[in-house]
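Here the protein sequences line up with chains A and B, keeping their order. For the first sequence, the numbering used here begins at 1 and goes up steadily by one. For the second sequence, the numbering used here begins at 1 and goes up steadily by one.
Calculated directly from the structure, the hints in this document are not laboratory data. Source: prediction; values computed, not measured. It cannot be assumed that every hint is accurate.
Stretch by stretch, here's where chain A covers chain B in the computed footprint (C-beta under 8 Å, at least three residues) [unchecked claim]:
1. 73-79
2. 158-172
3. 235-245
In silico BS3-like cross-links for lysine-lysine, where the CA-CA straight-line distance does not exceed 25 Å [stated by the list, open to error]:
4. B:K123 with B:K63
5. B:K63 with A:K249
6. B:K64 with A:K249
Even for Gly, the Cβ is constructed at its ideal location relative to N, Cα and C.
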Amino acid sequence: MISNLIYEWRRLWSVRASWIMTFVYLVITGLLGAGPLFLGDPQSNGLNVQTWKGLYSTNANFLCLVMLSVVASQFFGHEYRYGTIRLTLTEFPRRERVLLAKTLVLAAYVTISTFLGWAVLGVVGFMAPEGSIGTEGPGLNINGGEASELWQVLVFGFAYCIVAMSLTMITRNLALGIVLPLLVFAVIENLIVLFSGLANGKMDWIVDVLPFTNGTAWLTHLPDSPNAGLIFTAWVLALYLIGSAMFFKRDA
Amino acid sequence: MRIEARNLDKHFRNVHAVKELSFTVEPGRVTGFLGPNGSGKSTTMRLMLGLDNGGGETLFDGKKLSSHLPVTRTIGAHLDAKFFHPKRTAYSHLRMLGAEAGISKARVHEVLKLVGLESVAKKRPGGFSLGMGQRLGLAGAILADPQVLMLDEPANGLDPQSIQWLRDFLKHYASTGKSVLVSSHLLSEMELLADDVVVIARGNLIAAESMPAFLSRATGSAVVARSPQSDKLSEVLSAQGIASTSDGARTIVIPGQTTDRIGEIAFTNGIALSELSPRTASLEQVFLELTESGQEYRLGETS
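Just need the whole structure built from these sequences, with the hints factored in.
Set out below in structure tokens:
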């Protein structure tokens, strides 16, 4: 299993795209974190708008996650696009180990990137104007609502990347693995929520089971969505299981 | 290491691509894998490696491939000259492939030098020619010095010098007791390279035997005899029910006979011979005879 992990680690970092996307992720994280601190009013009604906790939940924003999801999609996307999956599976015939190695290395990648993102946000916060970061209250999550706990930022980022990787396993298409989650998260679910509002509650049941609506509700501690975390987890697991089954069953 | 393919079978929707194929690849020999386009050679190789799901099994010294660890010390496969990330350098590509067997950096450089890619080791292979891609694929296959080499059309795109190098390399590789299975469309090359052949057409096994045995199947096998008494020799042969045809001055061709038999007849009848040689059919000739009806994608008649 160690050799599987070494293989995946080398596969990940031996292409420039991984480095570039990680760099872009850090830049976007820094810019999104810096925006409210440097451009906004540091205080509103006498209260600090942002806190350290809120600042550190910046990288749960979908713009940051898209950058991570590009790398996540490449775990299978590059393999199928360039045919290297046949080299991988010749070297490691046990597909469950290949999948486990990819998942673990993805987890490591997301963890390292998230910590680096927090380091960037720390520098941004340190450089922010005096008084723009308070210590009272939960602070602002850039997705709206309360700031998330740090572990939630990490878990949400990993879950988003698992969705991207799973969709790539299912479609065997790198671009779809990146675009589909982004489209659903940023456009389709918002449209469904909008139509639901116009439908006098007849579509509420659909909204209640949307993956990313529930994901962000869990992330931002929305009080009226107690099962949001479970529903989001169910979506992520379902996609991962479908993707895994297709990876095991189909020809390489 | 002996490879035993048993009842390999594969369907693609309505197409029965590989039909219950069974054959063996012996250690210490180069086995040529031949068949027309679309005959199922590449699919068979993928089945043998477990890359495609299908019927049957392939055993390596009696065990499944996944039982041999590290796998890359057991088998090295090169299935396509373009199986690499175009932005991952040749060196990094091999370093990645060397992970399972713990291949050292020195070995990576050694293999790159062997296949003549040392000067482009740090270059991204997106701009490589087909021949350079073949060399990189071969480098990946031999990296861990495996017991078995499985190569799909490795000579495609190689220049004549490289083809000769590849032939010498594979012959030497097999001579050390390792097994080599190589598919190719270059029949003249295969005739020089392979000790055994496995021939398939439309997914069916046509032949699995040694190269001499395969060549002897040709209907065109004959003996050529040159003699100042060629007319007399023809008469003697005819008297014994052996047909012969004239092939120029003082030369006759006797189909379906051996040099031993004709030499004996000539000696018994006091006929001097100035040449007695076998005319063996070429691999191409035999291959075309045996696979004519099994060609998946037929060509039109030339005018």
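Status of the hints after comparison with the structure:
no., hint, in the structure
1, 73-79, "holds (count 3)"
2, 158-172, "violated (count 0)"
3, 235-245, "violated (count 0)"
4, B:K123 with B:K63, "39 Å, violated"
5, B:K63 with A:K249, "22 Å, holds"
6, B:K64 with A:K249, "19 Å, holds"
Hints 2, 3, 4 from the earlier list are contradicted by this structure; the remaining hints agree with it.
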